[in-house]
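A.B. asks: Chains A and B supply the protein sequences, listed in that same order. Start counting the first sequence at 1; every next residue gets the next number (the UniProt record's numbering). Start counting the second sequence at 1; every next residue gets the next number (the UniProt record's numbering).
These are calculated hints, taken from the structure and not from any lab test. Even glycine gets a Cβ: it sits at the ideal position worked out from N, Cα and C. Take the hints with a grain of salt, since some may be wrong.
Here are the in silico distance ranges between beta carbons for each label pair [stated by the list, open to error]:
{"id": "1", "chain 1": "B", "residue 1": "Gly16", "chain 2": "A", "residue 2": "Tyr183", "range": "19 to 29 Å"}
{"id": "2", "chain 1": "A", "residue 1": "Thr80", "chain 2": "B", "residue 2": "Arg61", "range": "33 to 43 Å"}
{"id": "3", "chain 1": "A", "residue 1": "Val160", "chain 2": "B", "residue 2": "His65", "range": "17 to 27 Å"}
{"id": "4", "chain 1": "B", "residue 1": "Ala172", "chain 2": "A", "residue 2": "Asp88", "range": "27 to 37 Å"}
Below, a list of computed lysine to any residue pairs in the SDA-like style, where the Cα atoms sit at most 25 Å apart [claimed, not checked]:
{"id": "5", "chain 1": "A", "residue 1": "Lys197", "chain 2": "B", "residue 2": "Glu72"}
{"id": "6", "chain 1": "A", "residue 1": "Lys102", "chain 2": "A", "residue 2": "Asp57"}
{"id": "7", "chain 1": "B", "residue 1": "Lys165", "chain 2": "B", "residue 2": "Ala151"}
{"id": "8", "chain 1": "B", "residue 1": "Lys165", "chain 2": "B", "residue 2": "Met115"}
{"id": "9", "chain 1": "A", "residue 1": "Lys102", "chain 2": "A", "residue 2": "Gly119"}
{"id": "10", "chain 1": "A", "residue 1": "Lys102", "chain 2": "A", "residue 2": "Val53"}
{"id": "11", "chain 1": "B", "residue 1": "Lys165", "chain 2": "B", "residue 2": "Leu145"}
{"id": "12", "chain 1": "A", "residue 1": "Lys197", "chain 2": "A", "residue 2": "Leu181"}
{"id": "13", "chain 1": "A", "residue 1": "Lys197", "chain 2": "B", "residue 2": "Pro46"}
{"id": "14", "chain 1": "A", "residue 1": "Lys197", "chain 2": "B", "residue 2": "Glu122"}
{"id": "15", "chain 1": "A", "residue 1": "Lys102", "chain 2": "A", "residue 2": "Val47"}
{"id": "16", "chain 1": "A", "residue 1": "Lys102", "chain 2": "A", "residue 2": "Asp121"}
{"id": "17", "chain 1": "A", "residue 1": "Lys197", "chain 2": "A", "residue 2": "Arg131"}
{"id": "18", "chain 1": "A", "residue 1": "Lys197", "chain 2": "B", "residue 2": "Ala123"}
{"id": "19", "chain 1": "A", "residue 1": "Lys36", "chain 2": "A", "residue 2": "Gly6"}
{"id": "20", "chain 1": "A", "residue 1": "Lys35", "chain 2": "A", "residue 2": "Thr46"}
{"id": "21", "chain 1": "A", "residue 1": "Lys102", "chain 2": "A", "residue 2": "Glu9"}
{"id": "22", "chain 1": "A", "residue 1": "Lys197", "chain 2": "A", "residue 2": "Ser164"}
{"id": "23", "chain 1": "A", "residue 1": "Lys197", "chain 2": "B", "residue 2": "Phe183"}
{"id": "24", "chain 1": "A", "residue 1": "Lys197", "chain 2": "B", "residue 2": "Asp83"}
{"id": "25", "chain 1": "A", "residue 1": "Lys197", "chain 2": "B", "residue 2": "Arg84"}
What follows is the residue order along each chain.
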Amino acid sequence: MAEAPGDIEQLIDLMARLPGLGPRSARRAVLLMLKKRGAVMAPLATVMAQVAVSARDCARCGNITNSELCEICRDERRATGELCVVEDVADLWALERGGAFKGRYHVLGGTLSALDAVGPDELRIPRLVERVAEEGITEVILALNATVDGQTTAHYIADVLTASGVSLTSLAQGVPIGGELDYLDDGTIGAALRARKRF
Amino acid sequence: MEWRDEGALLSMRRHGESSAIIEVFTAAHGRHAGVVRGGASRRSAPILQPGAQLAVNWRARLDDHIGAYTVEPLRSRAGLMADRLALAGLNAICAMIRVALPEREPHLHLWHMTMALLDALEAPGWPPHYLRWEMLLLDEIGFGLDLSTCAVTGSREDLAYVSPKTGRAISAEAAGDWAPRLFPLPPVLLGQGPATQTELAQGLAITGHFLTRELAHARNDRGLPEARARLLDLLSRP
Chain A
1 MAEAPGDIEQ
11 LIDLMARLPG
21 LGPRSARRAV
31 LLMLKKRGAV
41 MAPLATVMAQ
51 VAVSARDCAR
61 CGNITNSELC
71 EICRDERRAT
81 GELCVVEDVA
91 DLWALERGGA
101 FKGRYHVLGG
111 TLSALDAVGP
121 DELRIPRLVE
131 RVAEEGITEV
141 ILALNATVDG
151 QTTAHYIADV
161 LTASGVSLTS
171 LAQGVPIGGE
181 LDYLDDGTIG
191 AALRARKRF
Chain B
1 MEWRDEGALL
11 SMRRHGESSA
21 IIEVFTAAHG
31 RHAGVVRGGA
41 SRRSAPILQP
51 GAQLAVNWRA
61 RLDDHIGAYT
71 VEPLRSRAGL
81 MADRLALAGL
91 NAICAMIRVA
101 LPEREPHLHL
111 WHMTMALLDA
121 LEAPGWPPHY
131 LRWEMLLLDE
141 IGFGLDLSTC
151 AVTGSREDLA
161 YVSPKTGRAI
171 SAEAAGDWAP
181 RLFPLPPVLL
191 GQGPATQTEL
201 AQGLAITGHF
211 LTRELAHARN
221 DRGLPEARAR
231 LLDLLSRP
């Protein structure tokens, strides 16, 4: 089988490392870009080069931005005293899509993990403690994943922040919208029952 | 090669985009790793949490291959996530098994005790069980403590210390001037009386000392896992 020229093959290899793409789909994507070189490939290359230079972490919350502070941290209307702690930027974006939260965020950059030797100093936990003290935070919402690592991290943060006197809350766990009980795992059903509310 | 077994999940690590490599502490095959195809999916996420009790089917072409698991959930431990101390206990148990036991070596008695301890985490009062479990873990790796008689006099009475070298009990009379260099022996290690917080800490200091020493070579002197230190920290609080 004839191989693609070296640099194109290299592009396919790089594309195949992206989530959701394998070697075949990367090859298809590269072929499409080559077909639409002016409309897709060149603008994509330009934007990627720009983002590679400009993208950085927000100095305050850890969100991805292209300036010192992200848009959320610059917006004074979001200084509600509520701070939502999330594991990574994807979680922040998920909460922003929902549009229900009007406060500010703090991105930890992962969770505590004995397996991957991630300790508190590898995460942005010391910065979180500083922010709670400096920004007049009244409530910290621990929006961490309902996994063993996520909840271990939540308990650790709760320990660290207890002395500050700030109100600590966490997301509810239970039946998702559109969820059918028959398809839920035992853990979720148990959590939903424990967190039942008056109807 | 194919077998079926039951066990507790110790760890899960993503492998590629959709698969996961899991380690399970099984009854008949010990600590055993394998690939779960589709294990990184959202559907598998609640099942593949540390501590979850699973029925596993392992298949490989050759015995020394990593092989592939198919898993069925038997019991979730998700209820422990809301309890800070129980979650720390769960993390410590999984981490200690991972660092202390060699792969693919059955430890049936320890397995039964581990399942019982994981069940016990759901109610208060489990920390003395954890201490006894660590003593059994020491036993299983070949360094069980001998607390039946005094190493010096052979007496069964007045046992008050543990030698940090031999792991044997020493009576108060035999210890003499050496007492400050020995570990105080809390009654809970002899199966006597309810464990106070101090006794528990003394007991865990003893098991920690011997586990650190025995695992030093295998762990390149990295000490015991952080998860155990976190549990000890929580247990030491009023």
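A.B. asks: Confirm or reject each hint.
C.D. replies: Hints versus structure:
no.: 1; hint: Gly16/B <-> Tyr183/A: 19 to 29 Å; verdict: 26 Å, holds
no.: 2; hint: Thr80/A <-> Arg61/B: 33 to 43 Å; verdict: 59 Å, violated
no.: 3; hint: Val160/A <-> His65/B: 17 to 27 Å; verdict: 44 Å, violated
no.: 4; hint: Ala172/B <-> Asp88/A: 27 to 37 Å; verdict: 56 Å, violated
no.: 5; hint: Lys197/A <-> Glu72/B; verdict: 31 Å, violated
no.: 6; hint: Lys102/A <-> Asp57/A; verdict: 21 Å, holds
no.: 7; hint: Lys165/B <-> Ala151/B; verdict: 12 Å, holds
no.: 8; hint: Lys165/B <-> Met115/B; verdict: 31 Å, violated
no.: 9; hint: Lys102/A <-> Gly119/A; verdict: 30 Å, violated
no.: 10; hint: Lys102/A <-> Val53/A; verdict: 30 Å, violated
no.: 11; hint: Lys165/B <-> Leu145/B; verdict: 11 Å, holds
no.: 12; hint: Lys197/A <-> Leu181/A; verdict: 17 Å, holds
no.: 13; hint: Lys197/A <-> Pro46/B; verdict: 23 Å, holds
no.: 14; hint: Lys197/A <-> Glu122/B; verdict: 23 Å, holds
no.: 15; hint: Lys102/A <-> Val47/A; verdict: 30 Å, violated
no.: 16; hint: Lys102/A <-> Asp121/A; verdict: 28 Å, violated
no.: 17; hint: Lys197/A <-> Arg131/A; verdict: 33 Å, violated
no.: 18; hint: Lys197/A <-> Ala123/B; verdict: 24 Å, holds
no.: 19; hint: Lys36/A <-> Gly6/A; verdict: 20 Å, holds
no.: 20; hint: Lys35/A <-> Thr46/A; verdict: 17 Å, holds
no.: 21; hint: Lys102/A <-> Glu9/A; verdict: 46 Å, violated
no.: 22; hint: Lys197/A <-> Ser164/A; verdict: 29 Å, violated
no.: 23; hint: Lys197/A <-> Phe183/B; verdict: 51 Å, violated
no.: 24; hint: Lys197/A <-> Asp83/B; verdict: 20 Å, holds
no.: 25; hint: Lys197/A <-> Arg84/B; verdict: 23 Å, holds
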